[in-house]
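Engineer: Given next are the chains, with one letter for each unit.
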Amino acid sequence: MGMTAVEKVLAAKSGRTSVKPGDVVSPDPDFIMIHDGVVMGAKRELDGLGITTLAAPDKVLMVTDHDVIYGSARAAERGAFNRKAAAAWGVKNFFDVGRGGHGHIFPMESGILLPGMFYFDNDRHATNAGAIGAFGFRIGSEISRVLATGTNWVMVPKTVRLTLRGQLKPGVHARDIGFRFAALLKQGGLAADLDYRVLEYAGDLEQFDLASRAALCSTPTEIRAYGVFVPPSEAILEHARSKAQRPFAPVYSDPDAQYDADLKMDISALEPQVSLPGSVENAVDVSEIEGLPVDHAFIGSCGSGMWEDLVAAANILKGRRLAPNVRLFVAPGSEETNRRLAAEGLLGIFIEAGVVMLPPGCGPCNDAVVGPVHSGEVSISTATNNNAGRFGAKDAKLYLGSPATVAASAVTGKITDARTLA
Amino acid sequence: MSEFQWILKGRCYKLGHDVWHAGGVVPNWVITGRHFDPKDIIPHLFEETDPGFHTRCKPGDIIVTGKNFGMGPKMNGYIAMQALGLGLVCESMPFLAYRAAIGCGVRVMTDCVNVLDLCETGDELEVNFRDGFFINHTKDFRREYPPVPDALMEIVELGGNAGWLKDWQEKRRAGAV
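Residue numbers (the numbering used here), protein chains in the order written: chain A, 1 to 422; chain R, 1 to 177.
In case anyone wonders, no lab produced these hints; they're calculated from the structure. Computed from a predicted model, the values in this text were never measured in an experiment. Hints may contain errors.
[Stated by the list, open to error] Simulated crosslink set (BS3-like; lysine-lysine; CA at most 30 angstroms straight-line):
| no. | chain 1 | residue 1 | chain 2 | residue 2 |
| --- | --- | --- | --- | --- |
| 1 | R | Lys58 | R | Lys166 |
| 2 | R | Lys67 | A | Lys20 |
| 3 | A | Lys59 | R | Lys166 |
| 4 | R | Lys166 | A | Lys84 |
| 5 | A | Lys59 | R | Lys171 |
| 6 | A | Lys186 | R | Lys67 |
| 7 | R | Lys171 | A | Lys92 |
| 8 | A | Lys92 | R | Lys166 |
[What the hints assert, rightly or not] Chain R stretches covered by chain A per the calculated footprint, using a threshold of three residues with CB under 8 angstroms from any CB of chain A:
| no. | region |
| --- | --- |
| 9 | 141 to 153 |
| 10 | 165 to 172 |
Note that CB positions come from ideal geometry on N, CA and C, so glycine has one too.
Same shape as in the complex, but just chain A (with noise of 0.2 angstroms):
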């Protein structure tokens, strides 16, 4: 019987020849990813143990992504702290405060993040490495058996397969395709169960460059997916080759691998989506929700921080300003994107239109800890989720929308479809 592509990647990095759903391993990974947030309780879990050693700190990337400017004393405590534990356990591939940028992009863009490999997370966005058809694996608060012994247990994942038909109309985001497939999930137009499973992209996949598949991981992620895999195309892995950092074998589904469902899509009809707040899976034609008044605004994380997300954005922006009574932020996915920012002159656009720049990293995406919002704000942004108090306030109203469509609201100051304004 063949293997899905998660699959391989499980059994080579574990030894074996083959493995099945439900078999556990415990793979070598390629590097071990540890976020600023969550330092502090590895080190003292470790140390408390006696644990002052790690099995592997040449594989471990620490980075500094989810409160990047310290709005609160206790996260410059924890800054300087973390600094000290990288020291104490030699991690070199510390990538702190203005280094990397957010650790589910810059990987990816940079070479270290290659197609076939594996790598532990405590975070659950590792699911972004399916964009350059890797695997990331979220392994939580375990992360520090991963430190002291270099692996942990994972039970192999079944793998839902969805395949896209049909090219998605110019002005129309791959997020769109996210959100779309959430709500048709939730109202039974599709039917699979995502909890522990891998969702393999398969079908019309050339039209979607590495933001677009960074972009096709997000929501998903979001309705319990715990990996995404996207079959690396010509252009992917000539980007691979172009930045790669060591030697990389990337990975295909066999043509007779095992899948717990098979869904299919057709994305040629697709129109700009919005997610009403409460759950990705509240999505809506943007046509349904047009005008609707907005007071704050975010375009980065996980799902659309990278330079096209960027691009998308500033397209709308360019030669206008934000309506009077909005706040947008905007958080690059990487130092890398924001230097491009920089030369290319699209810093200067969003400048001009009124934007607040926040460094490289998840911004108001994690706990709101920069720029959130005020109890019963309006908010559209490039979140991962709109779950209730994701931005702080309970009862604010979180939309999320393509970069081009919280552009385009941020400049109209209501909900708008990108295209009326191209």
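Please build the complex by placing chain R on the supplied structure of chain A, with the hints as guidance.
Structural biologist: For chain R alone, kept in the frame of chain A given last:
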């Protein structure tokens, strides 16, 4: 480790489907207050659905649940179950709830199809979590279900992730790993 009890014999406590961890297993304030000490959690286990549960249950008793047990995966309730010596048998759990239960050292079997139809609260049960047997002595029948995977047994035997890591460190110091 040979003395670890993989077979529990005790009374059945039957719950329904879709039990959330917050509210259904322990009050939400136990979770948000980050209470991880079993003595702090035990008085509140199933408090909102079965007040006084902790005073009636005994080591070896079995909690039997329907589908989607432990939604909103958290670990607090499993800490109390492990400390009380309870077993857990579910028709299904979100994977992260299962991982949390194993990580807290709970003897747990999931994917036990239609197990709710096989027992009532108060029945005398015997469950072998190592070999996957579910026996209802009151109703006099036996079913086979997926046991704890071999690869995860050591974690449960050592009381969960913390115990496993402590044991690993002790073995390492002794030069055994």
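Engineer: Hint by hint, which ones does this structure get wrong, listed from lowest number up?
Structural biologist: The structure breaks none of the hints.
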